[in-house]
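Novice: The chain contents come next:
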Amino acid sequence: MKINLSALDWLVLAVYLGGITVIGLIASRKVKTSEGFFMGNRAFGKLVMLAQSLGTGTHSDQAVGVAGAAYTSGLSGIWYQWIWLFTTPFYWLLAPIFRRLRVVTIAEFFELRYGRKYSIVYAAVCVYLLALWQGISIKGTAVTVAAITGVPEWIIAVVVAVVFTVYGVAGGLAAAAVTDFVQGLFIVILSFLVVPFGMAKIGGFAGLHRALPPQFFTVFSAPGGELSKFNVTMLVLSGLAGIVVQPHMMAVAATGKTEMNCRVGWTYGNFIKRACTIGWTLTGLIAVVLFPGVPFHEREKVFGMAIATLLPAGLIGLMVASLLATVMATCSAFMVDGAALFTEDLYKPLLGAKAAEKSEAHYMKVARLSSLGITGIGFVLGLTMGSVVQATVLFISMLPFIGVAFWLGIVWPRANRFGAWACLIGSAIVYLGTKAHGSTNAWSSLFSLTTGVLLLVVVSVLTPPEPAEKMERVFGYISVPVGEEDLLPGTGENA
Amino acid sequence: MTPLEENGQASLLRDLLKLPRTFTFKRYRIDLLGFAGAWAAVAAFILFYYWMSKW
Numbered sequence: 000m001k002i003n004l005s006a007l008d009w010l011v012l013a014v015y016l017g018g019i020t021v022i023g024l025i026a027s028r029k030v031k032t033s034e035g036f037f038m039g040n041r042a043f044g045k046l047v048m049l050a051q052s053l054g055t056g057t058h059s060d061q062a063v064g065v066a067g068a069a070y071t072s073g074l075s076g077i078w079y080q081w082i083w084l085f086t087t088p089f090y091w092l093l094a095p096i097f098r099r100l101r102v103v104t105i106a107e108f109f110e111l112r113y114g115r116k117y118s119i120v121y122a123a124v125c126v127y128l129l130a131l132w133q134g135i136s137i138k139g140t141a142v143t144v145a146a147i148t149g150v151p152e153w154i155i156a157v158v159v160a161v162v163f164t165v166y167g168v169a170g171g172l173a174a175a176a177v178t179d180f181v182q183g184l185f186i187v188i189l190s191f192l193v194v195p196f197g198m199a200k201i202g203g204f205a206g207l208h209r210a211l212p213p214q215f216f217t218v219f220s221a222p223g224g225e226l227s228k229f230n231v232t233m234l235v236l237s238g239l240a241g242i243v244v245q246p247h248m249m250a251v252a253a254t255g256k257t258e259m260n261c262r263v264g265w266t267y268g269n270f271i272k273r274a275c276t277i278g279w280t281l282t283g284l285i286a287v288v289l290f291p292g293v294p295f296h297e298r299e300k301v302f303g304m305a306i307a308t309l310l311p312a313g314l315i316g317l318m319v320a321s322l323l324a325t326v327m328a329t330c331s332a333f334m335v336d337g338a339a340l341f342t343e344d345l346y347k348p349l350l351g352a353k354a355a356e357k358s359e360a361h362y363m364k365v366a367r368l369s370s371l372g373i374t375g376i377g378f379v380l381g382l383t384m385g386s387v388v389q390a391t392v393l394f395i396s397m398l399p400f401i402g403v404a405f406w407l408g409i410v411w412p413r414a415n416r417f418g419a420w421a422c423l424i425g426s427a428i429v430y431l432g433t434k435a436h437g438s439t440n441a442w443s444s445l446f447s448l449t450t451g452v453l454l455l456v457v458v459s460v461l462t463p464p465e466p467a468e469k470m471e472r473v474f475g476y477i478s479v480p481v482g483e484e485d486l487l488p489g490t491g492e493n494a
Numbered sequence: 000m001t002p003l004e005e006n007g008q009a010s011l012l013r014d015l016l017k018l019p020r021t022f023t024f025k026r027y028r029i030d031l032l033g034f035a036g037a038w039a040a041v042a043a044f045i046l047f048y049y050w051m052s053k054w
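Note that the protein sequences, when read in sequence, are chains E and H. 431 is the number that numbering that gives the first Met the number 0 gives to position 432 of the first sequence; each next residue is one higher, with no gaps. 28 is the number that numbering that gives the first Met the number 0 gives to position 29 of the second sequence; each next residue is one higher, with no gaps.
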């Protein structure tokens, strides 16, 4: 085993890992309640919200995946992440809705809106997804860092998991968000550090155009290709439907002190990520010139190859630290979000009437133990996952079935639990059926989304509406901006 | 509508199906200006992307 790190690289890594752990542990001292653990007491300012949105939503496997896609598809590889560009403005409108709901998890919204069974199914699926997502992130980063440094994958995976688990279990979302502030800076470094070194080597943009054929600079790939206009359009639509029910969104969108903090953080934190995506794409294009002939199934290695080849000593350590920052920022947040779903939406319903008798300390203990458990499951799952890009597409394809019920649930009071179940089951059957008959992801998404909307509307109209008091809790709360809590339906409620 | 909603903080999404009755710029000011600003950012990204493809 040959380790490709200099003493300076090791020093940079040690300072980063030690520093981030200390910052996380300091932030954890203020966490005394489960509300504080899961939601940071909803007290974050604009900058922390920006950093949290960027850190939670950005992982190194995305950088690796986009660079790999650009390596084979050219500039159009950017659409693997820019499918979210057109959904980003909607975060501005959604953020106050999330904040005004005044719930801890999206499952809690579903319980109010469509009943406990729907909420429990959603929570169970999302705990699994959050564990899986952590596994994918840890594995993707470990593979890339191992290729750069020569350090075995399993050692990298263990170090990453131990560090974010230590501060995440201690401080919950507050620790995750505060460390995101530092990690966000590293993510920007990660995205652009290689580009100037690469451009200098290949003769800048002019050199890039001379070396590569014109199809590497088309906006979309050819019709029918993996990034054709139709495929990108369907990914955008299903992304918009599904983004609202990604299980970490309540923490990302609703933990700001004011509605404006939530809007600015969620929207512009994501715009910073879109800018970072440009750096990942350019890295992929530079790699085509520098490392021609990498097979398609190994294209995700080019990001690491560029780092190892182009950067001098010290900067490799900084880049590896940045890669680790992306995975730790994401996984610490996912760990806390998974614990929130488990504690609030699976454990408490299981206790039934006894839930109110348990102390705050008891729920803090459950939150911390479930954090550990979810990350442990994710760690094991991570060792068995395939290509990160395929996993991303699959993830995006499945969530919109539930997302349709969320969207109609906030704009149409008549939507009910029967419609939500019909939408979920009908969409899943159509999606899996069309896939089994050879349809592409894009066509399957179109058929299943259309079916889901139609079923939700028709079945809701034909069946009894939801109880009026539940609707008052949802729509009455959405109608009261943060700062006017004395106007909430029912008195004495906390915001 | 609450006082804050009357003064710009009403939600376009929540009122989507009754906008023909409720819409005034003043009521939805923050949603409208911020949404437009975010689309301007999207346009800037796309323009930069085109420029990069021709650079």
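Since the hints were made in silico from the structure, they are not lab data. Accuracy of the hints is not assured; some may be wrong.
Chain E regions said to be covered by chain H (calculated; three or more residues, Cβ under 8 Å) [claimed, not checked]:
| hint | segment |
| --- | --- |
| 1 | 52–63 |
| 2 | 154–168 |
| 3 | 303–310 |
| 4 | 406–417 |
Listing some non-contacts, in silico: residues in chain E with all C-beta distances to chain H over 12 Å [said to hold, decoys possible]:
| hint | residue |
| --- | --- |
| 5 | L10 |
| 6 | A42 |
| 7 | G73 |
| 8 | I77 |
| 9 | F204 |
| 10 | F215 |
| 11 | M259 |
| 12 | R262 |
| 13 | W420 |
| 14 | E468 |
Note that this is a predicted model, so its numbers are computed, not measured. Glycine residues also receive a C-beta, built at the ideal position from the N, C-alpha and C atoms.
Novice: Hint by hint, say whether it matches the structure.
Specialist: Hint by hint, here is what the structure shows:
| no. | hint | result |
| --- | --- | --- |
| 1 | 52–63 | violated (count 0) |
| 2 | 154–168 | violated (count 0) |
| 3 | 303–310 | violated (count 0) |
| 4 | 406–417 | holds (count 3) |
| 5 | L10 | holds (36 Å) |
| 6 | A42 | holds (20 Å) |
| 7 | G73 | violated (9 Å) |
| 8 | I77 | violated (7 Å) |
| 9 | F204 | violated (5 Å) |
| 10 | F215 | violated (9 Å) |
| 11 | M259 | violated (8 Å) |
| 12 | R262 | violated (6 Å) |
| 13 | W420 | holds (22 Å) |
| 14 | E468 | holds (19 Å) |
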